[in-house]
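**Q** Sequences listed follow chains S and H, in order.
Residue numbers for the first sequence follow this note's numbering, beginning at 700 and rising by one.
Residue numbers for the second sequence follow this note's numbering, beginning at 1347 and rising by one.
Don't take every hint at face value.
Quick list of simulated restraints, FRET-style, between CB atoms [claimed, not checked]: (1) H/Arg1646 - S/Gln991: 41 to 49 Å; (2) H/Ala1438 - S/Glu995: 39 to 47 Å; (3) S/Glu952 - H/Glu1704: 56 to 64 Å; (4) H/Gly1568 - S/Gly1022: 46 to 54 Å; (5) S/Ile977 - H/Pro1425: 26 to 34 Å; (6) S/Pro953 - H/Leu1557: 34 to 42 Å; (7) H/Ala1627 - S/Glu858: 47 to 55 Å; (8) S/Glu1023 - H/Arg1770: 33 to 41 Å; (9) H/Leu1557 - S/Glu952: 35 to 43 Å; (10) S/Glu986 - H/Ser1641: 51 to 59 Å; (11) S/Pro953 - H/Ala1424: 49 to 57 Å.
Everything labelled a hint here was simulated from the structure, so no lab data went into it.
Every value quoted in this text rests on a predicted model; they were computed, and no experiment measured them.
All C-beta atoms in this analysis are idealised placements derived from N, C-alpha and C, irrespective of residue type, glycine included.
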Amino acid sequence: MSDYTLETEAGRREALRRMLLIREFDTTAGERFNDGDIPGFVHLYIGEEAVGVGTCGALEPEDYVASTHRGHGHCISKGLDPELMMAELYGKADGYCNGKGGSMHIADVEAGMLGANGIVGAGPPLATGAALTIDYQDRDQVALAFGGDGSVAQGQVHEAVNLAATWDLPAIFVIENNQYGEATPVEKQHNVDNLSDTAGAYDIPGVTVDGMDVTAVYEAVSEARDRALAGDGPTLIEAETYRYRGHYEGDHEPYRDEAEIEQWRERDAIESFKERLIERGELTEAEFEEMQAEVEETIADAVAYAKDADLPDPEQAYDDMFGEPVPEIQQFASRPRADGGTEGGDPT
Amino acid sequence: MGYIVRMPKLGLEMKEGTLLEWTVAEGEEVAEGDQLAEIESEKSVAEVEAREGGVLRRVYLEVDQTVPPSTPIGILAAPDADISDLEAEAEADLAEEAPDVAGVEAEAAASAPEGGGAAESAAASAGGGGAAGGASADASAGADVKASPRAEKRAEELGVDLSTVEGTGPQGAITADDVETAAESAPASDASTEPADVKASPRAEKRAEELGVDLSTVEGTGPQGAITADDVEAAAEAQETAAAAAESAPAARDTGEIRRIVPDDAAAYRHERATAVADEAGATALFETTEAVRSAFEERVTMTDVLAVVASAALADHPIVNATYAEGTHQLHESRNLALAVDIEGEPTAGVIPDADELSITELVEARQDLGGDGGEAVPTFTLANAGETDAEGRLVNEPAVAALEVDPTGQRAVPGNDGVDLRPLVTASLTYDTRALDGADAEAFLESFFDHAERASELVLGSYRGRE
Ligand SMILES: Cc1ncc(C[n+]2csc(CCOP(=O)(O)OP(=O)(O)O)c2C)c(N)n1
Ligand SMILES: [Mg+2]
């Protein structure tokens, strides 16, 4: 997938396309989950597209990204293939993690995607670690972590930001403040007005931007990236955004009402960016519809591909778990199997 | 384009959903995002929305029918679209899910040809855990009886033969109320409540019916403790001998939802009571956990909920307390059906929360708040009373269950403080138990375990808070 930057007309159109792709991917993932096709949980990114797309638009392909449990949008922004992502959601062997990870564990280290993560707040330590590697090897890259508003209260996030700040590592922390951690509104989780205020504790820049504005996010991350590359250390960016769907699919959402969701929808990131591009003469309504149709086709193809793909071989169950062989696991893996097979997988 | 509307899967643990209402009629047009139907699952109501504009062309599920998630419930498509492929797919799915549902519901659902509650199965195809306790046809119900799914469920629980019940519902269909009325007027003896966790071979079941043996009282010697026909015969013999000697067995309980606690004098003589006092760590943990949970994520939590979680943990350690006693048999139960004593309009009442050990704290809160409504239908296996919240006192044991725990967190203990006396919380717990099943040492061991668990109440409650990843 092509790289994009919001500095050029083509890049802006690509940004819009990626936002549409995320929305279509997650709308479809929600429906497929609802119909019982997808095992496990899905947390949808619908409403927050501008944060992922604006952020990754400011990165280069070789930069690292650590994601969250709500990670489909980050993956698409970073250029991962929706077909392989959908296959992973379906638990199929062709998926990014051979179908053994699912929605919350999509990773592609070669593409710079260090992984979605089921553990709230586990992304920042990965980014700090990657940034340390970059620093140590003196490479021209940055490592960026996404985290939710909820993650800011996690101890390991504090450790990660503190260390990155103390060692001036080329890291960026993007906090997606979507107003809730599960059912708890952000005011009931934190004592600060803006989550970017916490940056003061580490003596690093902290900014709060409109996360419904893809350009604003892009600009903030671009600046942070320049800073990181110059050896001036990390930046903490809070993007104010909103998830339109429940915390997870099936969430009954007793903690908010329709009117609140409607208010945010009125500021919809895709709608407003599309209007802006049309105003600037960079897009026509017809081109937008064509783009939308293409995106729908891409995702429909991804679903068809994922449905059709094979499930992983049971023998792979113990693969990819440990770097070094673990005797106990090996022993376990070589037990006779219920389905008649006898070969265990390679537990390394 | 058109699509098959399916019973939505809401969250990971949903096993089945019931259609409460079609908000549009078959043949009616809707826009994308409009509500099509309302469904209920695990006491929550959810909307089914139209994913695209179109006409509700087919309806496969009737109001009150219950099916597992992903079962086709209708088809939405453009008014003139060819839906034969969608129909074929939906009908194939329905047929696959319910190969032999020909009975009750299909009959009742005259306008929904394939409607018959694609019951039991689809959990497997959905890759989800657990048997989908499907809605529908009970073979015993006779092919031409019309009954709602809830009525069938009730009939099974109360041991009512549907063919003997007069229906007052639409088109003469039998409602759950009809079943309950029939159960009340029927002689109590046969309406025994067979716990769902009895394993028996088909032959054993047949033999049990012939010999009038309650399977829940039979000890199984077959594979995995399943009851064999021989076991049934042995039990029948023992039963006869015992019947001659024993006092008349306590009547099987009505399993009605809410039961008033009426002191049962006849039972009193076989009930004993053991009491213990929590040490300070346990007492403090109970209060602090309640407060912490309340302020952190569930404002509706009361001490009663915390006590329920702690009691459930103690029951896991002492399965002999989570039990019933009937007809000379002390029967242990896998599911912890907790009768909770609460005051409703000043009257001490006990409502049953089935499988309390499987509930998250939020679900527990909701189940407790729901007790005033038409709550649990399960047979209680244990009773809990929070003396701070109910006047129910003493003889709380909900027979055939063998024990009841009453916890009083309202006490105070004076301890010497810096300047004079400090008041600290004092928590006492009393176990009332049926002496035919338990003895004093059992009761003391249970209370000790209860207070041990109380000390790690927050851990237990957080464990029962199934944080959604
Ligand atoms: C360490 C840890 N604690 C708790 C959870 C359960 N959990 C999953 S998502 C979530 C809320 C996270 O909120 P936030 O960081 O704001 O992300 P959002 O879901 O809003 O995107 C929680 C508490 C978890 N997965 N990991
Ligand atoms: Mg959040």
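**Q** With reference to the structure, classify each hint as holding or not holding.
**A** Results for each hint:
no., hint, result
1, H/Arg1646 - S/Gln991: 41 to 49 Å, "holds (44 Å)"
2, H/Ala1438 - S/Glu995: 39 to 47 Å, "violated (26 Å)"
3, S/Glu952 - H/Glu1704: 56 to 64 Å, "violated (23 Å)"
4, H/Gly1568 - S/Gly1022: 46 to 54 Å, "holds (47 Å)"
5, S/Ile977 - H/Pro1425: 26 to 34 Å, "holds (33 Å)"
6, S/Pro953 - H/Leu1557: 34 to 42 Å, "violated (51 Å)"
7, H/Ala1627 - S/Glu858: 47 to 55 Å, "violated (31 Å)"
8, S/Glu1023 - H/Arg1770: 33 to 41 Å, "violated (54 Å)"
9, H/Leu1557 - S/Glu952: 35 to 43 Å, "violated (54 Å)"
10, S/Glu986 - H/Ser1641: 51 to 59 Å, "holds (52 Å)"
11, S/Pro953 - H/Ala1424: 49 to 57 Å, "violated (35 Å)"
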